[in-house]
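2 protein chains.
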Amino acid sequence: VRGAVADPERIVICDGFTQGLTLVCRALHARGARRIAVEDPCCRAHREIIRHNGLEAVPVAVDEDGIRVEELARHSVSAVVVSPAHQFPTGYLLSPQRRAQLLEWASRTGALVIEYDYDAQYRYDGPPVGALQGLAPATVVYAGTASKILAPGLRVGWLVVPAAMTDAVIRHKVCDDLGSNLPTQLTLARFIERGDLDRHLRRLRRSYRARRDALITALRRHLPGARVQGIAAGLHALALLPEQMNEARLCEQARGRGVSVYGLGRYRANPRSGAPGLVLGYASLAEAKIKRGIQELAQACPSPA
Amino acid sequence: VRGAVADPERIVICDGFTQGLTLVCRALHARGARRIAVEDPCCRAHREIIRHNGLEAVPVAVDEDGIRVEELARHSVSAVVVSPAHQFPTGYLLSPQRRAQLLEWASRTGALVIEYDYDAQYRYDGPPVGALQGLAPATVVYAGTASKILAPGLRVGWLVVPAAMTDAVIRHKVCDDLGSNLPTQLTLARFIERGDLDRHLRRLRRSYRARRDALITALRRHLPGARVQGIAAGLHALALLPEQMNEARLCEQARGRGVSVYGLGRYRANPRSGAPGLVLGYASLAEAKIKRGIQELAQACPSPA
Numbered sequence: 001v002r003g004a005v006a007d008p009e010r011i012v013i014c015d016g017f018t019q020g021l022t023l024v025c026r027a028l029h030a031r032g033a034r035r036i037a038v039e040d041p042c043c044r045a046h047r048e049i050i051r052h053n054g055l056e057a058v059p060v061a062v063d064e065d066g067i068r069v070e071e072l073a074r075h076s077v078s079a080v081v082v083s084p085a086h087q088f089p090t091g092y093l094l095s096p097q098r099r100a101q102l103l104e105w106a107s108r109t110g111a112l113v114i115e116y117d118y119d120a121q122y123r124y125d126g127p128p129v130g131a132l133q134g135l136a137p138a139t140v141v142y143a144g145t146a147s148k149i150l151a152p153g154l155r156v157g158w159l160v161v162p163a164a165m166t167d168a169v170i171r172h173k174v175c176d177d178l179g180s181n182l183p184t185q186l187t188l189a190r191f192i193e194r195g196d197l198d199r200h201l202r203r204l205r206r207s208y209r210a211r212r213d214a215l216i217t218a219l220r221r222h223l224p225g226a227r228v229q230g231i232a233a234g235l236h237a238l239a240l241l242p243e244q245m246n247e248a249r250l251c252e253q254a255r256g257r258g259v260s261v262y263g264l265g266r267y268r269a270n271p272r273s274g275a276p277g278l279v280l281g282y283a284s285l286a287e288a289k290i291k292r293g294i295q296e297l298a299q300a301c302p303s304p305a
Numbered sequence: 001v002r003g004a005v006a007d008p009e010r011i012v013i014c015d016g017f018t019q020g021l022t023l024v025c026r027a028l029h030a031r032g033a034r035r036i037a038v039e040d041p042c043c044r045a046h047r048e049i050i051r052h053n054g055l056e057a058v059p060v061a062v063d064e065d066g067i068r069v070e071e072l073a074r075h076s077v078s079a080v081v082v083s084p085a086h087q088f089p090t091g092y093l094l095s096p097q098r099r100a101q102l103l104e105w106a107s108r109t110g111a112l113v114i115e116y117d118y119d120a121q122y123r124y125d126g127p128p129v130g131a132l133q134g135l136a137p138a139t140v141v142y143a144g145t146a147s148k149i150l151a152p153g154l155r156v157g158w159l160v161v162p163a164a165m166t167d168a169v170i171r172h173k174v175c176d177d178l179g180s181n182l183p184t185q186l187t188l189a190r191f192i193e194r195g196d197l198d199r200h201l202r203r204l205r206r207s208y209r210a211r212r213d214a215l216i217t218a219l220r221r222h223l224p225g226a227r228v229q230g231i232a233a234g235l236h237a238l239a240l241l242p243e244q245m246n247e248a249r250l251c252e253q254a255r256g257r258g259v260s261v262y263g264l265g266r267y268r269a270n271p272r273s274g275a276p277g278l279v280l281g282y283a284s285l286a287e288a289k290i291k292r293g294i295q296e297l298a299q300a301c302p303s304p305a
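If you're matching them up, the sequences are chains R and B in order.
Per the numbering used here, the very first residue in the first sequence carries number 1; after that it's consecutive.
Per the numbering used here, the very first residue in the second sequence carries number 1; after that it's consecutive.
In short, the hints are calculated from the structure, not lab data.
Watch out, some of these pointers could steer you wrong.
Identical copies go unnamed one by one, so any copy, or any two together, can satisfy a pair.
As the list claims (entries may be wrong) - Under the rule of at most 25 Å between Cα atoms (straight-line distance), these lysine to any residue pairs were calculated in the SDA-like manner:
hint, residue 1, residue 2
1, K148, P183
2, K291, M245
3, K148, R10
4, K148, Q185
Given these sequences and hints, build the entire structure.
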């Protein structure tokens, strides 16, 4: 479905993307790597995992076309973690030109691209976007997870590893825990074979799309000053706020009204840099609750945003 | 049941003992440890896990009373991995005197004792033997696993960690994979609560005891020169062979006859040292098969052993 080149002997089942990234970091570290680039902003845990494994996490800015490859190319790094189908948390799609640039950079420098394909199953508008790995399977580690489509508690993820690196990643997996929980793997395999996963995803896409639409409608009505981004896919949207707004204070006030939102700063390498914004997860909320939440959020705003 | 001091906030569920030892090694390494003692002979994987995590595995000889604490005390190590209830692979029980010596050593040097309590549920003769951890919960990491009582594919193990070390071990677990498979944990909890685990173990003990008895009978009859050790408990026995026998050749010839046995050398730090012996796992074999296997083994012997 994702257009990945996934020969069985290159697939490593792991305990979610957390362990997947851990294994790749360890394999890279063992062959001398010391610095890995991450998108800025990105999931905070990724920076922590990279550091925890003795590597430096080098932030590289993201714009509306995805990671800025020109900036990436100015750093000396052994790998980069990207989410091309729906960047977290901006929701931007890596543009075709940037994809080509990124793969060209990787092939020129010998660096590895770690493709975190966490919510590609949820695309609501526009044509489907294939995985980067399908274009360069010798350069890209593809990483998927059941956490965003079934449940994080399953701790099931999958890596598709370039042939030259497979043995090293497997060695780390075996030495760390011998393998992932087998009953869950067998159950998931059956779930996929029977077509249940496809049915499940179709149902979720319908439901999440309706929630996304409810979010957009509510934002337009109650927070017309917010610029909504990254809504063609995924489980969350980014609402960029007018420059003068204090993102941290708004989040705090919203929380006081029972609305749990995070500011964009939470995900930046430097929390105080860049334009203010809110990351709004909508997938787990019923439409009425989304509407009420945005109303409360608008009330929390010091002035009409 | 094991007499361990197991407050819930000190228990870390992990992916089997493999990950449990990995987490403890990482936590020790992070606080400056560089050398960990292991019993000699011991499970080969333990030495590999220790080395894989940047530590040196220091072998310390085992005799019929368990690990030789006097020898251990001559090394400078931050921890020691022991299996006091049924040493692997010799099957020896750590004697009461050695237990006291070991804990005294640990308390004097500040070293950690890692108690691998892998098959304590299977005790056939003599009074039950409690866990070492119950005597010194601030000094001992207790480690158990579902691998030897249910199935290795579950990847469920448990650590009980000294209070001073719990946060560090949890931090490594969270950073490595966020947590272990949740459906399995919930299922196992229900299995224990309903008394099913106790019933399961009573059934296994009966069955394994009969298999052990079949093994002893067959060895006495067909290999009267072998000295059988460590049979009061566990899932395997050690058959010490007459000095002149070539353990490796015997294993090879037995394998040629379809009998899969391992020599004691496989588990030693120096495979060519010490008396020849065979490690005979019997728990998974029906009694008739055990009898036939020992007959074949006797045939493989160059001379009456």
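Quick rundown of the hints versus the structure:
In this homomeric assembly, K148 and P183 come within 25 Å of each other (Cα to Cα) both inside a single copy, at 19 Å, and across copies, at 16 Å. In this assembly of identical chains, the alpha carbons of K291 and M245 lie at most 25 Å apart only when taken from the same copy (22 Å versus 81 Å across copies). Taking identical chains as interchangeable, the C-alpha atoms of K148 and R10 lie at most 25 Å apart only when both belong to the same chain, with a minimum of 22 Å there against 30 Å between chains. For the homomeric pair K148 and Q185, the shortest alpha-carbon distances inside one copy (16 Å) and between copies (20 Å) are both at most 25 Å.
When the structure is compared with the earlier hints, no violation turns up for any of them.
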